[in-house]
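The residues making up each chain are set out below.
Protein chains: 2
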Amino acid sequence: MMKRHYPTLAEVAKVAGVSLMTASRAINNRPGVSPEKREDILRIADEMGYVANRAAQKLTGARTRIIGVVAELHTPFTSDLLLGMGAVARAADYEMLVYSLPVCDRRPPHSIIEMLRQIADGVIVILPYESDYLESMATAHIPVVTIEQGIESAFPSVTADNYQGGCAALRHLIELGHRRIAFISGNDRLTSARDRRRAYRDVLAQARLPHDPALEVDGDFLRKSGFEAAQKLLALDDRPTAIFAANDTSAYGAIAAIREAGLSVPGDISVVGFDDIPIASQLHPQLTTVRQPLQQMARASVNLLLALIAGLDAPSEQIVLPTQLIVRESTTPLKVKRKKEEAVKVERASAGAANLAR
Amino acid sequence: MMKRHYPTLAEVAKVAGVSLMTASRAINNRPGVSPEKREDILRIADEMGYVANRAAQKLTGARTRIIGVVAELHTPFTSDLLLGMGAVARAADYEMLVYSLPVCDRRPPHSIIEMLRQIADGVIVILPYESDYLESMATAHIPVVTIEQGIESAFPSVTADNYQGGCAALRHLIELGHRRIAFISGNDRLTSARDRRRAYRDVLAQARLPHDPALEVDGDFLRKSGFEAAQKLLALDDRPTAIFAANDTSAYGAIAAIREAGLSVPGDISVVGFDDIPIASQLHPQLTTVRQPLQQMARASVNLLLALIAGLDAPSEQIVLPTQLIVRESTTPLKVKRKKEEAVKVERASAGAANLAR
DNA sequence: CAGCCGAACGTTAGCGCTAACGTTCTGTCG
DNA sequence: CGACAGAACGTTAGCGCTAACGTTCGGCTG
Chain X
1 MMKRHYPTLA
11 EVAKVAGVSL
21 MTASRAINNR
31 PGVSPEKRED
41 ILRIADEMGY
51 VANRAAQKLT
61 GARTRIIGVV
71 AELHTPFTSD
81 LLLGMGAVAR
91 AADYEMLVYS
101 LPVCDRRPPH
111 SIIEMLRQIA
121 DGVIVILPYE
131 SDYLESMATA
141 HIPVVTIEQG
151 IESAFPSVTA
161 DNYQGGCAAL
171 RHLIELGHRR
181 IAFISGNDRL
191 TSARDRRRAY
201 RDVLAQARLP
211 HDPALEVDGD
221 FLRKSGFEAA
231 QKLLALDDRP
241 TAIFAANDTS
251 AYGAIAAIRE
261 AGLSVPGDIS
271 VVGFDDIPIA
281 SQLHPQLTTV
291 RQPLQQMARA
301 SVNLLLALIA
311 GLDAPSEQIV
321 LPTQLIVRES
331 TTPLKVKRKK
341 EEAVKVERAS
351 AGAANLAR
Chain B
1001 MMKRHYPTLA
1011 EVAKVAGVSL
1021 MTASRAINNR
1031 PGVSPEKRED
1041 ILRIADEMGY
1051 VANRAAQKLT
1061 GARTRIIGVV
1071 AELHTPFTSD
1081 LLLGMGAVAR
1091 AADYEMLVYS
1101 LPVCDRRPPH
1111 SIIEMLRQIA
1121 DGVIVILPYE
1131 SDYLESMATA
1141 HIPVVTIEQG
1151 IESAFPSVTA
1161 DNYQGGCAAL
1171 RHLIELGHRR
1181 IAFISGNDRL
1191 TSARDRRRAY
1201 RDVLAQARLP
1211 HDPALEVDGD
1221 FLRKSGFEAA
1231 QKLLALDDRP
1241 TAIFAANDTS
1251 AYGAIAAIRE
1261 AGLSVPGDIS
1271 VVGFDDIPIA
1281 SQLHPQLTTV
1291 RQPLQQMARA
1301 SVNLLLALIA
1311 GLDAPSEQIV
1321 LPTQLIVRES
1331 TTPLKVKRKK
1341 EEAVKVERAS
1351 AGAANLAR
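As they're listed, the protein sequences go chains X and B. The first sequence: position 62 = 62 (our numbering), numbered continuously. The second sequence: position 70 = 1070 (our numbering), numbered continuously.
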């Protein structure tokens, strides 16, 4: 492994026959250098393979053109978000470094933010959980933008509209004629999971449908929990005709349980997921689900952070991006036969629901 | 957002009533400080919330206790590897920062390594593709360990034994009596994919089974490619009784195609995957596959890097970790009926195969 | 043509830290 | 008891860079 010497600015300046500061000005595209000399210096710097030392830059208080990201890599979509953010950052001539948060660890991230502060110009925190993390960042002396932390955050933030997405999913089922609609929840530590649950309850209430606690089963976003939740639902005397699962993975778990019970999706039970994971359009049945605006979230968060870095004191902006219902094969209108059977039970409810369904 | 002042070492020293260097020695646990004073200084530093400035440390040539990782986040398993590596690093009192490589981009990573060099003490490169990247790192003046780059790499490296895993998968099928075994390849830009293909060919040859090019279909690790590859295989006059797919995702794609054709897995066709993705043990059928030693790879790579950082000039070590065949439901012995049909065709081959199967 | 202004440079002082030396002081031994 | 070793500190210089001042000099004005 041959060791190479990395030239310093001083060496570039010496070769170019100018002072340190002239070289610095030329390279940082600042005024005070004649065009010819600037070109000269840039050419020489390039030939010498000069790379500015960001540690030294940071030490003087200058920008490093690096943004830091704190994320839990195991959380679904985090990679997609990161890829999108990286592309946006690079387009703005910024680099991005990611700190991978240990799974389910609540240890003070104090030192993490402080570390990133010494390296980056700003930090994006992808933190699906409520956490004490954020409080300790309040004094961090560096621009911070959060993703998925929900409205209550004290920071400028970017979120997907989970509530609206959940409402759309549920209205879709109601429009299809379903009245007994179950919910398989996600991990309620996540604000996104709570918003989806809230949407379920609210839309039921708006449609004047009864809220049967037996139809609201706890899950944790995993396939297995969806499977088991669906088994519980199928065991009910009066089983649901539709299920809204808090995410696609648990939706597919539920579908597996339904099929194992000898029933079909959507023939017997309609299923809606949430997230639009890539295989949702490939697996059979193709899943009706709510798509998260990941690319827009990535773009919005980076742009917001760059604005903060540039000193635009965005007044603690909260950006909520719309989600989108994608209707595929896993939902279908309630069968008339069954509809009749149920007609009596939900008579009162129907009026409200029809109303809501326009 | 209240701004806080971060104390410098000088301020800590002043409060403690000692010189800068004494404080530095105390905090870095170096000799030359009396025990009482050391304790004093550490306590005061803690009270003041002192955090060493890594940019400044790096500038003086000292360790920052940060390792850098360059990875393509979208590649399967990268997150698992990163999580494992992060845990190992933290256990050694190191922090880890990840640079997310843009997808399929071959632009000079020159500046990436140079950037990390200014921040980290060493770099791990998770680079499934052959690439010019590595060459430019050769002069990087910083310890580098690669993962998945294959034996030919000039760097200390850690890899999974894809070849051995592929051999195990194929021997398993041969032991089950299969003679017409197809291969659905991965993206051959990846060394792992090439190794698995090589294993397929070599074991066939060792077993003196004929190598039918029609049974070797190109894929790209994606579900869709597995689906389409299987369709091609099913359309053959003399279709295979077993398929070895280069990864689990394409294996499930193949299974979907087989079922769509009205056949069953493993009843009509046995399928082996590679990777042991989490749902391989949950989806029906549970997939027979080859497990990658991700945790060991994470541990080995970090430990190797830390050794290099510590100055142990490990002589360009190449660590190859064993993979493990996990037999589940998607493979079954060849049916006797069919076996008889085929017996004539592969008569010569059988002897060799039986031999190999012990 | 003195005076002044501004562009184009150069010089100096630090950012926060550590390596490499000084300095002081105590104990110890011939 | 002088010399000397070594522990426990302090001082200095510098890592690579930039902000904030100097300095020079051509050109313009009254």
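Read the hints as simulated data drawn from the structure, not as lab findings. Even glycine gets a Cβ: it sits at the ideal position worked out from N, Cα and C. Incorrect hints may appear among the rest.
Computed Cβ-Cβ distance ranges for the label pairs, DEER-style [stated by the list, open to error]:
#1 X/P35 <-> B/R1198: 56 to 62 Å
#2 B/A1062 <-> X/P322: 46 to 52 Å
#3 B/D1046 <-> X/A261: 56 to 62 Å
Status of the hints after comparison with the structure:
no.	hint	in the structure
1	X/P35 <-> B/R1198: 56 to 62 Å	holds, 57 Å
2	B/A1062 <-> X/P322: 46 to 52 Å	holds, 49 Å
3	B/D1046 <-> X/A261: 56 to 62 Å	holds, 59 Å
The structure shown violates none of the earlier numbered hints.
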